[in-house]
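Visitor: Sequence:
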Amino acid sequence: MSWVNRALKGFFWFAFASFLAASIPHVAYFFRAFEPQATAGQDPLFYWGIAYALAVSIDVM
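Read left to right, the sequence shown gives residues 1 to 61 (the working numbering).
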């Protein structure tokens, strides 16, 4: 593989990682906005975990 191919491959992996770093929190917030509010016995982090799991599965897959 030439240095140009390696440089382009590195550039596109960096662009993909930066897209994911910006996109995942936004998609997770969108999903969290439509989840039910946590009641007295529930942990709100549970719903944030679900929202982030959905965001990762959508963006990465």
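Worth flagging that the hints you see were computed from the coordinates, not collected in a lab. Since the model is a prediction, treat every value here as computed from it, not as a measurement. Positions of the beta carbon are idealized from the N, C-alpha and C atoms, including for glycine. Do not rely on the hints blindly, as some may be mistaken.
As the list claims (entries may be wrong) - Quick list of the computed label-pair ranges, beta carbon to beta carbon:
(1) P36 <-> V4: 47 to 55 Å
(2) A15 <-> I50: 27 to 35 Å
(3) I58 <-> P36: 37 to 45 Å
Visitor: Each hint needs a verdict: does it hold in this structure or not?
Guide: Consistency of the hints with the structure:
1. P36 <-> V4: 47 to 55 Å: 52 Å, holds
2. A15 <-> I50: 27 to 35 Å: 28 Å, holds
3. I58 <-> P36: 37 to 45 Å: This hint is violated: roughly 20 Å between Cβ atoms.
In the structure shown, a violation is registered for the earlier hint numbered 3 alone.
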